[in-house]
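*Asks:* So the sequence lines, in the order shown, correspond to chains A and B. Read in order, the letters of the first sequence correspond to residues 5 to 414 in my numbering. Read in order, the letters of the second sequence correspond to residues 25 to 157 in my numbering.
Derived from the structure by calculation, the hints contain no laboratory data. Cβ coordinates follow ideal geometry from the N, Cα and C atoms, glycine included. Treat each hint with caution, since some may be false.
Taking lysine-lysine pairs in the BS3-like style, the calculated list, with each CA pair at most 25 Å apart, reads [claimed, not checked]: (1) Lys409(A) <-> Lys149(B); (2) Lys274(A) <-> Lys246(A); (3) Lys410(A) <-> Lys89(B); (4) Lys171(A) <-> Lys200(A); (5) Lys83(A) <-> Lys200(A); (6) Lys407(A) <-> Lys54(B).
For each label pair, taking beta carbons as the anchor points, the in silico distance ranges come out as [what the hints assert, rightly or not]: (7) Val142(B) <-> Pro254(A): 19 to 25 Å; (8) Glu82(A) <-> Met66(B): 55 to 61 Å; (9) Lys54(B) <-> Ser199(A): 55 to 61 Å; (10) Ala163(A) <-> Asn57(B): 42 to 48 Å; (11) Asp43(B) <-> Lys247(A): 22 to 28 Å; (12) Ala307(A) <-> Pro62(B): 54 to 60 Å.
What follows is the residue order along each chain.
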Amino acid sequence: MTSNLAYDVQKIRADFPILSREVYGKPLVFLDSAASAQKPRQVISAMVDVMENDYANVHRGAHYLSQVATDHFESAREKVARFINATEDEVIFTRGGTESMNLVASCFGQAHLKGGDQVVTSVMEHHANIVPWQMLEGSKGIEVLFVPVDERGVLDMAAFEALLGPKVKLVSLAHVSNVLGTVNPVEDIIALAHSKGIPVMLDGCQGITHGSVDVKALDVDFYVFSGHKLYGPSGIGVLYGKKGLLNSMPPYQGGGDMIETVTLEGTTFKEAPHRFEAGTPAIVEAIGLGAAIDYVSEVGMDAIAAHETLLLEQAMAKLSAIEGMQLIGTAPNKVSVLSFNVEGIHPLDIATVLDRQGVAVRVGQHCAEPLIKAMGYEATVRASFGMYNTLEEVDKLVAGVEKAKKMFGA
Amino acid sequence: MSMELYQEYADALDMLDDDMRFEYIIDLGKTANEVPFPEDFMRDENLMHGCMSRVWIIHTVNDGKHNFIGESDAVIVKGLVSMMTKSFSGLTSEELAGITLDHVRKLNLGALTTQRQVGMMAMLKHMQKLAAV
Chain A
5 MTSNLAYDVQ
15 KIRADFPILS
25 REVYGKPLVF
35 LDSAASAQKP
45 RQVISAMVDV
55 MENDYANVHR
65 GAHYLSQVAT
75 DHFESAREKV
85 ARFINATEDE
95 VIFTRGGTES
105 MNLVASCFGQ
115 AHLKGGDQVV
125 TSVMEHHANI
135 VPWQMLEGSK
145 GIEVLFVPVD
155 ERGVLDMAAF
165 EALLGPKVKL
175 VSLAHVSNVL
185 GTVNPVEDII
195 ALAHSKGIPV
205 MLDGCQGITH
215 GSVDVKALDV
225 DFYVFSGHKL
235 YGPSGIGVLY
245 GKKGLLNSMP
255 PYQGGGDMIE
265 TVTLEGTTFK
275 EAPHRFEAGT
285 PAIVEAIGLG
295 AAIDYVSEVG
305 MDAIAAHETL
315 LLEQAMAKLS
325 AIEGMQLIGT
335 APNKVSVLSF
345 NVEGIHPLDI
355 ATVLDRQGVA
365 VRVGQHCAEP
375 LIKAMGYEAT
385 VRASFGMYNT
395 LEEVDKLVAG
405 VEKAKKMFGA
Chain B
25 MSMELYQEYA
35 DALDMLDDDM
45 RFEYIIDLGK
55 TANEVPFPED
65 FMRDENLMHG
75 CMSRVWIIHT
85 VNDGKHNFIG
95 ESDAVIVKGL
105 VSMMTKSFSG
115 LTSEELAGIT
125 LDHVRKLNLG
135 ALTTQRQVGM
145 MAMLKHMQKL
155 AAV
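All chains, please: the whole structure from these sequences, using the hints.
*Replies:* Quick look at the structure:
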């Protein structure tokens, strides 16, 4: 195991005010960042600052504050674009990852899908990448195809290739599994799909937080993520789309800021991104996301990923030494999202004992019921490590699981 | 209204500190099955939806009194289900309909998270629905 001496986790922790609080009289050990990450002071301050000093509606007023707010808002878009190597007109602000995927399902669906067409997704997906397509099955008569996973939680690439028939109009897959941490071979997926002329959307809600993403190098057609998992606020998400594809799609919602002209006879729409941003956007949240991107960029996505890998390796090694431990998701390429169960103890019992020790984990099906069932379980405990977690916290997780084992006699 | 068991639980919880309440509920879960929950009844139609663990509750009526037994695959939840079903069994329709959040709160007393309290309220509503009161 290599140590990452240059990575000063204590300095990072000092930036996150919430990490110094206690729960049940014990220091908080926050291992639920895959659900929603905590926010550094830099994000909180940026949001407070804009509300205290620079707030007005954007893209509208001729007045000074509106221009300042617009500059901040559009500069957040530039930061997002730089972060993923896109251009600003390819970055759409949404309410979150779920809305980004629903936007594509709805607008790509209207423009490019008809009855009998197929969309390929997988058993591994978050419900947000299953349900919108199933809704299109109901409304448009498309068919949704699912790539299976093996017992390690790895996508069956041979099955994927076999599914790519002439009726497939879109591939929509997770970059990284929110339950298992599996990193999918997205370069191969995109190359295969493109060789048959099929565009690809990646659900990057987990992928964006655990390493650098370059949408141009990937040549991905749509990439989706949320702000709140990337140490930014909730209520803001991103849809990246290739410009030509975005402008081939109709608007998602109608309203202000997305039109060129409106007459009583009809309306013409702006191009992307504004075409897809009807109404007043989440101004403060977008600026918060910009600050979060500044923050993680300064630390470095590769440094964050290396630190998290260290935590994951230690957690997997120590947890697997516990008798009855079932590590769920053992893909060779995996990030710091760790699902597990202990034979004979319900995951909710484990999570409740951990909670009493101050250790916050998630329990249940993690919005991925088909995957949990495919892996042979009803529910799992999920510990997820972020940029601020420490090796001592890994030890507290392990000690908490051992305590649960004693309490429940398994 | 005969709610002796309810009172017993509420009094016991009242005397304990948070950590002890937590262990008390686990113990209830571990010892809940003096009346074993019949396996045939662990069917989907007896399942309560929306829980992080599975909860089954069945309902019978005897001489106009409603009786419940419950089961869960998580010990802590089984403790809560056991407390709820035993507390509120043996009541008439009118009495059962009069059970509210205030009653449930006394079986909780801060030992558990708000989410668990919401879960206990959902159990009560489910029991009231099963009894059609």
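*Asks:* Are the hints correct? Go through all of them and say.
*Replies:* The hints, checked one at a time:
With a C-alpha separation of about 33 Å, the suggested pair Lys409(A) and Lys149(B) falls outside the 25 Å cut-off, and the hint is violated. Between Lys274(A) and Lys246(A) the alpha-carbon distance is near 16 Å, which keeps this suggested pair within the 25 Å criterion. At most 25 Å may separate the alpha-carbon atoms for a hinted pair to count; Lys410(A) and Lys89(B) exceed this at roughly 40 Å. Between the alpha carbons of Lys171(A) and Lys200(A) the distance comes to roughly 11 Å, so the proposed pair stays at or under 25 Å and holds.
Pair hint Lys83(A) plus Lys200(A) does not hold up; C-alpha atoms about 33 Å apart against a cutoff of 25 Å. Distance check on the hinted pair: Lys407(A) and Lys54(B) sit about 16 Å apart at the alpha-carbon level, within 25 Å; holds. Taking the beta carbon of each, Val142(B) and Pro254(A) are about 40 Å apart, not inside 19 to 25 Å as hinted. Between Glu82(A) and Met66(B) the beta carbon distance is about 56 Å. The supplied range of 55 to 61 Å therefore holds.
Checked against the hint of 55 to 61 Å, the C-beta distance between Lys54(B) and Ser199(A) comes to roughly 58 Å, which is consistent with it. For Ala163(A) paired with Asn57(B), a C-beta distance near 44 Å keeps the hint of 42 to 48 Å intact. A beta carbon spacing of about 59 Å between Asp43(B) and Lys247(A) contradicts the range 22 to 28 Å that was offered as a hint. One distance hint, 54 to 60 Å for the beta-carbon pair Ala307(A) and Pro62(B), holds here, with the actual separation near 57 Å.
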